[in-house]
Amino acid sequence: FGRDDNPDFTTPGKRVTINSGFAEVTYLYSQDWVGVLLYNWYDARGKNSLDQNLLTVNLTHYVERNFKIFWEYTQDLQTITSSHPTKNLSAELGLVIGF
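Here the sequence shown is numbered in my numbering, starting from 650 and rising by one per residue.
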């Protein structure tokens, strides 16, 4: 919960009241495999174009302690309206290496 005087980084901004939350389930299949299901909800009252309603699925394989491969998919659950004219989908395949 909160307020933002400049939610979309324009000047002058319009003050909006924000309600948001998330829920996450992480499943450790084995020492090397992890699955994550994440739900994000963001309601910017007064600025409907900023509202978000997202579901993300992630599957990660730890090849080594400092090297992982992941696949992630995000689905936009928000209904298409005049203030939310398109649905946003994203899929990623990535490598993370740390030294």
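Think of the hints as simulated: they come from the structure by calculation, not from any bench.
Be a bit skeptical, because a hint or two may be false.
Estimated spans, in silico, between C-beta atoms of each pair [what the hints assert, rightly or not]:
| # | residue 1 | residue 2 | range |
| --- | --- | --- | --- |
| 1 | Ser731 | Tyr711 | 43 to 49 angstroms |
| 2 | Leu687 | Thr735 | 17 to 23 angstroms |
| 3 | Leu687 | Ile746 | 39 to 45 angstroms |
| 4 | Tyr688 | Phe719 | 33 to 39 angstroms |
We treat Cβ as the ideally placed atom computed from N, Cα and C, and that holds for glycine.
That 39 to 45 angstroms hint for Leu687 and Ile746 (C-beta), does it hold up? Violated, since Leu687 and Ile746 (Cβ atoms, about 23 angstroms apart) do not stay within the stated range.
So the hint says 43 to 49 angstroms: do the beta-carbon atoms of Ser731 and Tyr711 match that? holds, 44 angstroms
Distance restraint evaluation - Leu687, Thr735, Cβ atoms, bounds 17 to 23 angstroms: 21 angstroms Cβ-Cβ, so the 17 to 23 angstroms window holds.
Tyr688 versus Phe719 beta-carbon gap, inside 33 to 39 angstroms or not: At 18 angstroms between Cβs, range violated.
Checked against the numbered hints given earlier, the structure breaks hints 3, 4 and satisfies all the rest.
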